[in-house]
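S.K.: Each chain, letter by letter, is given below.
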Amino acid sequence: MNHAGELISAYLDGELAGSEVDQLFGHLASCGKCAAEIQELQSVRSAVRSLPVLELPPGLIPEADAELIPLHRNRGFLVGAAAAVVVVVIAIAAIFTPSAATISVEELNSRYGARASLDPAFGPAKVVAPYFSDVLE
Amino acid sequence: MTESVPFTWEEVARVYGRKIYNFAYRLTGNSDDASDLVQEVLLRVRKGLASYQPGSFEGWLWRITRNAFLDDVRRRNRRPTAPLPDEVDRWELASSPSADTEYSRISIGDDVQKALLGLPVEFREAVVLCDIVGLSYEEIAQAVAVPVGTVRSRIHRGRKLLRESLT
Numbered sequence: 001m002n003h004a005g006e007l008i009s010a011y012l013d014g015e016l017a018g019s020e021v022d023q024l025f026g027h028l029a030s031c032g033k034c035a036a037e038i039q040e041l042q043s044v045r046s047a048v049r050s051l052p053v054l055e056l057p058p059g060l061i062p063e064a065d066a067e068l069i070p071l072h073r074n075r076g077f078l079v080g081a082a083a084a085v086v087v088v089v090i091a092i093a094a095i096f097t098p099s100a101a102t103i104s105v106e107e108l109n110s111r112y113g114a115r116a117s118l119d120p121a122f123g124p125a126k127v128v129a130p131y132f133s134d135v136l137e
Numbered sequence: 001m002t003e004s005v006p007f008t009w010e011e012v013a014r015v016y017g018r019k020i021y022n023f024a025y026r027l028t029g030n031s032d033d034a035s036d037l038v039q040e041v042l043l044r045v046r047k048g049l050a051s052y053q054p055g056s057f058e059g060w061l062w063r064i065t066r067n068a069f070l071d072d073v074r075r076r077n078r079r080p081t082a083p084l085p086d087e088v089d090r091w092e093l094a095s096s097p098s099a100d101t102e103y104s105r106i107s108i109g110d111d112v113q114k115a116l117l118g119l120p121v122e123f124r125e126a127v128v129l130c131d132i133v134g135l136s137y138e139e140i141a142q143a144v145a146v147p148v149g150t151v152r153s154r155i156h157r158g159r160k161l162l163r164e165s166l167t
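Listed in order, the protein sequences are those of chains A and B.
Numbers 1 to 137, taken from the numbering used here, label the letters of the first sequence in order.
Numbers 1 to 167, taken from the numbering used here, label the letters of the second sequence in order.
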């Protein structure tokens, strides 16, 4: 008696024509050996297909490594990082750069309760106040 | 002729690199040989794209890939044979963020990998092209340059041998 043979694997792979499927199932209905075989080969097929997909060793294909970070995202990241650096630099500069503001001795006294005195001959006092530039408008 | 080429070499490397590597790894069983094979395949692709004829790109690519593998097998057969590794190479684990998970996944596949390496080359490549690469019988037939009926037979016989090894 002929067994199903190669029809079994082809069936598992979806490679059988309709007439062959009918032939296979007609045989399976009366052949316990082939019915068992289809189960066993299904397990083998699943085991091979379940092998883990391995990642490329880093650096083997630089073109494929680049794919991990899409180019547009990469560029966006760099632009964003550069912008952030610029903002930080400006902020630091704003904080630590001495700001010169002109304020009269009287105003200084009234705002901060200070007792400043200066020779009026030199005109309004010029106060260098690096940490209070916001209030010295 | 150039306008009929569907991919640049860089695109082939980017799109198919990992697939070629997995094909190579499952046929050779270790990352060093698989890496060498990937580089050889991409070299051949780079040279071959210039004379690529319109047709099945996948068939063309996998024909190059399996030919590179077979050339490597023939070269090895001319040299003193190295024993098959006792266990699959685990270079991946060092760079994996979830090494424990990866280890268990690869360990589970160790016996299957060993069984694959025990298959005759023509059965092994048919099974790997079908179950790892995911080609149809027709595509495998093109890649291996044999009739579809032969592909069907090799896959079936390969799986039966795997079943014997795994039970």
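Since the hints were made in silico from the structure, they are not lab data.
Any given hint might turn out to be false.
What the hints assert, rightly or not - A few chain A residues that face chain B, going by a derived Cβ cut-off under 7 angstroms, partial list only:
(1) Ala-10
(2) Leu-16
(3) Ala-17
(4) Glu-20
(5) Val-21
(6) Asp-22
(7) Glu-40
(8) Leu-41
(9) Ser-46
(10) Leu-51
Please read all numbers here as calculations on a predicted model, not as lab measurements.
We put the CB at the ideal spot given by N, CA and C, even for glycine.
S.K.: None of the hints should be skipped; say for each whether it holds.
M.R.: So, going through the hints one by one against the coordinates:
1. About 5 angstroms separates the beta-carbon of Ala-10 (chain A) from the nearest beta-carbon of chain B, less than 7 angstroms, and the hint is met.
2. Interface hint status for Leu-16 (chain A): violated, as the beta-carbon distance to the closest one in chain B is roughly 9 angstroms, over 7 angstroms.
3. The beta carbon of Ala-17 (chain A) comes no nearer than 12 angstroms to any beta carbon in chain B, farther than 7 angstroms, and the hint placing it at the interface is violated.
4. Given the 7 angstroms rule on beta carbons, the hint for Glu-20 (chain A) is violated: about 10 angstroms separates it from the nearest Cβ of chain B.
5. With a cut of 7 angstroms, the hint placing Val-21 (chain A) at the interface with chain B is violated, because the nearest CB-to-CB distance is about 14 angstroms.
6. Proximity of Asp-22 (chain A) to chain B is violated relative to the hint, the smallest CB-CB distance being about 18 angstroms (cut-off 7 angstroms).
7. Contact between Glu-40 (chain A) and chain B, as hinted, is supported at the beta carbon level, the nearest pair being about 5 angstroms apart and thus within 7 angstroms.
8. For the restraint placing Leu-41 (chain A) at the interface with chain B, the shortest Cβ-Cβ distance is roughly 5 angstroms, inside the 7 angstroms limit, so the hint holds.
9. The closest approach between the C-beta of Ser-46 (chain A) and any C-beta of chain B is roughly 9 angstroms, which is over the 7 angstroms cut-off, so the hint fails.
10. Restraint check, Leu-51 (chain A) versus chain B: the minimum CB separation of about 4 angstroms is within 7 angstroms; hint holds.
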